[in-house]
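Chemist: Chains as they are written, first to last, in our numbering: chain A, 1 to 389; chain B, 390 to 778.
Hints were generated in silico from the structure; no laboratory data involved.
All residues carry an ideal CB built from backbone N, CA and C; glycine is no exception.
Heads up, some of the hints might be wrong.
Calculated lysine-lysine pairs in the DSS-like style (CA-CA distance at most 30 Å, straight line) [stated by the list, open to error]:
#, chain 1, residue 1, chain 2, residue 2
1, A, Lys279, B, Lys403
2, B, Lys467, A, Lys14
3, B, Lys403, A, Lys14
Listed below are several chain B residues computed to face chain A (Cβ distance under 8 Å; list not exhaustive) [what the hints assert, rightly or not]:
#, residue
4, Arg490
5, Arg540
6, Leu556
7, Met678
8, Ala752
2 protein chains.
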Amino acid sequence: MPPQAAQGMDTAMKLADLDTPALLIDEPRMMRSIAAMQARIDALGVRLRPHVKTSKCIDVALRQRAAGARGITVSTLKEAEEFFAAGFDDIVYAVGIAPQRLAQALALVERGCALKIVVDSAAAAEQVLAAAARAGVTPGVLIEIDVDGHRAGVPPEAPQLLDIGRLLAGAGALAGVLTHCGGSYDCRSAAELEAMAEQERARCVHAAERLRASGLPCDSVSVGSTPTAHCARSLDGVTEVRAGVYVFHDLVMAGIGVCRPEDIALSVLGTVIGHQRDKGWILIDAGWMALSRDRGTQAQPLDQGYGVVCDEAGVVLEGWIVAQANQEHGIVAHRGGAAAAGDVAARFALGTRLRVLPNHACATAAQHARYAVVEGDAVRHVWPRFNGW
Amino acid sequence: MPPQAAQGMDTAMKLADLDTPALLIDEPRMMRSIAAMQARIDALGVRLRPHVKTSKCIDVALRQRAAGARGITVSTLKEAEEFFAAGFDDIVYAVGIAPQRLAQALALVERGCALKIVVDSAAAAEQVLAAAARAGVTPGVLIEIDVDGHRAGVPPEAPQLLDIGRLLAGAGALAGVLTHCGGSYDCRSAAELEAMAEQERARCVHAAERLRASGLPCDSVSVGSTPTAHCARSLDGVTEVRAGVYVFHDLVMAGIGVCRPEDIALSVLGTVIGHQRDKGWILIDAGWMALSRDRGTQAQPLDQGYGVVCDEAGVVLEGWIVAQANQEHGIVAHRGGAAAAGDVAARFALGTRLRVLPNHACATAAQHARYAVVEGDAVRHVWPRFNGW
Chain A
1 MPPQAAQGMD
11 TAMKLADLDT
21 PALLIDEPRM
31 MRSIAAMQAR
41 IDALGVRLRP
51 HVKTSKCIDV
61 ALRQRAAGAR
71 GITVSTLKEA
81 EEFFAAGFDD
91 IVYAVGIAPQ
101 RLAQALALVE
111 RGCALKIVVD
121 SAAAAEQVLA
131 AAARAGVTPG
141 VLIEIDVDGH
151 RAGVPPEAPQ
161 LLDIGRLLAG
171 AGALAGVLTH
181 CGGSYDCRSA
191 AELEAMAEQE
201 RARCVHAAER
211 LRASGLPCDS
221 VSVGSTPTAH
231 CARSLDGVTE
241 VRAGVYVFHD
251 LVMAGIGVCR
261 PEDIALSVLG
271 TVIGHQRDKG
281 WILIDAGWMA
291 LSRDRGTQAQ
301 PLDQGYGVVC
311 DEAGVVLEGW
321 IVAQANQEHG
331 IVAHRGGAAA
341 AGDVAARFAL
351 GTRLRVLPNH
361 ACATAAQHAR
371 YAVVEGDAVR
381 HVWPRFNGW
Chain B
390 MPPQAAQGMD
400 TAMKLADLDT
410 PALLIDEPRM
420 MRSIAAMQAR
430 IDALGVRLRP
440 HVKTSKCIDV
450 ALRQRAAGAR
460 GITVSTLKEA
470 EEFFAAGFDD
480 IVYAVGIAPQ
490 RLAQALALVE
500 RGCALKIVVD
510 SAAAAEQVLA
520 AAARAGVTPG
530 VLIEIDVDGH
540 RAGVPPEAPQ
550 LLDIGRLLAG
560 AGALAGVLTH
570 CGGSYDCRSA
580 AELEAMAEQE
590 RARCVHAAER
600 LRASGLPCDS
610 VSVGSTPTAH
620 CARSLDGVTE
630 VRAGVYVFHD
640 LVMAGIGVCR
650 PEDIALSVLG
660 TVIGHQRDKG
670 WILIDAGWMA
680 LSRDRGTQAQ
690 PLDQGYGVVC
700 DEAGVVLEGW
710 IVAQANQEHG
720 IVAHRGGAAA
730 AGDVAARFAL
740 GTRLRVLPNH
750 ACATAAQHAR
760 YAVVEGDAVR
770 HVWPRFNGW
């Protein structure tokens, strides 16, 4: 196993030294979120396997691991390769694999990576097993379960679950079952969230029990989404929870109710570059290229536009959001319109710096190549992140 | 002036050799769009200054230049630096500059780059002139004009236009006026587009005439947006047109009516990774990370979801769109629902490759680090692109 090494650099910079737009992590907030989720999942008696698609950053994952996380989840083979090279060798690739990519995945297994892949049909299982036979290595395979009609997976009660299980077990490749309860993002109350978490648990465990009742092995029972991980009351029968966004949190999570805006560790630092005084608009140099086009709060009760505006120190400026975004222009406006905005040129002079809390941490982070990791006005570290496939 | 050198590589690959998701340029389509826009703007007797924020690719800009384009437009100083290093020395930075970035911009001027910057207030002009005095170099400065209430700029009839002009001219820095008619994106008919193009022209020229009538110089009268560039009937009084998206085109442009879907040169190649047969869903490995979160057609008469689906050769599959997108999953569905979809597992077997035409070329391209430039089933070139600030 390769060594685990941090990739970032420590700095003596101040926030004022950063050019904008810049992607910030508030380190104390992130560390609190890591500790809180770890404690919650520890108390429920299962393993936490963070989804690193949110950060795509070795330095963040090292902190999750130091707090007690076991293994990681990835959304691309690029993530698997980057994290394996950095010493993470227990990896679940939680997206159905393109057949043309199987050789690449199996090469990681050959090199000693405990990489698990997912399938949700007999056809996919047959392709995996054929490629495994050609490569002479056997990956662990998880059967993806559909618990909420949201995306991929076989229903736990479907006959083909056992067909897929027998195919995989016959080749010694059946590692268990996995689900992602994406439907939890549509929940609007604590009661709905608890019910959705229980549905995720019960349906995934039911699939595992059906496999076992047929004499098939099912070591892993892997569930997860940040909302259900926050709200599950029992994880009986589950072996691990996967969650990603919790490490930074975002406005979608705040809208669902699993964090507060002041828990959000990720933000984009921007600078005021102009005004339209009559409209009460402040133009900043953080447009959708820096914020992403994600409008995940659009369908929530409180639409946050392209993000909630804070002062440079990260304190929410009540009522101010990025109302519109062009490629490199963000238009900051007050929810109450021009009358509520007052004299924007006087209050937010050219050069004033503001932070914007993101709708969706994964999407906003993906617009950047690095994180400036801050505590108060100090930039403690600069950590690289990567994209691509 | 540094030499102009291509950065891409020629290849002997086939489309089938590419891993997915991959960003494709259909080279013949792009070359037709470059030639058509150049011919149109040549015929109107003004210069075409392409906006390279769409491609962020030296190799694309070299083709625009070879076709007759004069100078480039950029949206970030990173673009200015990358393109200047590649031999483009006539650059308009068409976004109001953050004061903290002025030294960086002036350093480019010092190195011989004819970099023009924009201001839309006396306060911004004063900051530019103060920084220029400190640096000992004088950049050309364009006054941004608001022609449609869409974003930044001073109204052409505003008293402060002349105040800003006098400030800049006093330091020998006044280069002209510039506008971007973003309101053209909301047009829904040819008549509306023509009227908007004329409004853009007339209001920007009016600003130039007011400056000149006050004895101030105004060499450049720079207008532009892809829709108005396509629809202007006269550009009297204008000296240059800026346009970006035309080089690739996209579904937003098709929805406005300035191109057809079969003119769109940019697409994302994806692979079928699963199905939900009851729902008529096909899952592909191109989610929002590959397609972007841009939903620019959402407000158009025909909402194209996250993109229009084509076969691997690029032929539109009528009725099929990417209806939903998660980070690495695209859900392809038929507009007519499950009944119209038929047996998706039979028609779109695992491993089938599909192309997705983007809502917004700038946003989709920004999700990728390179272009595979194809003609038929041949991958002619691989061209790098960059992001960041």
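Chemist: Now tell me, hint by hint, if it's right for this structure.
Modeler: Against the structure, the hints come out as follows:
With a C-alpha separation of about 53 Å, the suggested pair A/Lys279 and B/Lys403 falls outside the 30 Å cut-off, and the hint is violated. The straight-line distance between the Cα atoms of B/Lys467 and A/Lys14 is roughly 22 Å, inside the 30 Å bound, and the hint therefore holds. Note on B/Lys403 and A/Lys14: the hinted pairing is violated, with a Cα-Cα distance of about 49 Å set against a maximum of 30 Å. The beta carbon of B/Arg490 comes within 7 Å of a beta carbon in chain A, closer than 8 Å, and the hint placing it at the interface holds.
Of the supplied interface hints, the one on B/Arg540 holds, with its beta-carbon coming within about 6 Å of a beta-carbon of chain A, less than 8 Å. Proximity of B/Leu556 to chain A is violated relative to the hint, the smallest CB-CB distance being about 14 Å (cut-off 8 Å). Residue-level restraint check for B/Met678 holds (minimum Cβ-Cβ distance to chain A is 6 Å; threshold 8 Å). The interface hint given for B/Ala752 is met, as the beta carbon of that residue sits about 6 Å from the closest beta carbon of chain A, less than 8 Å.
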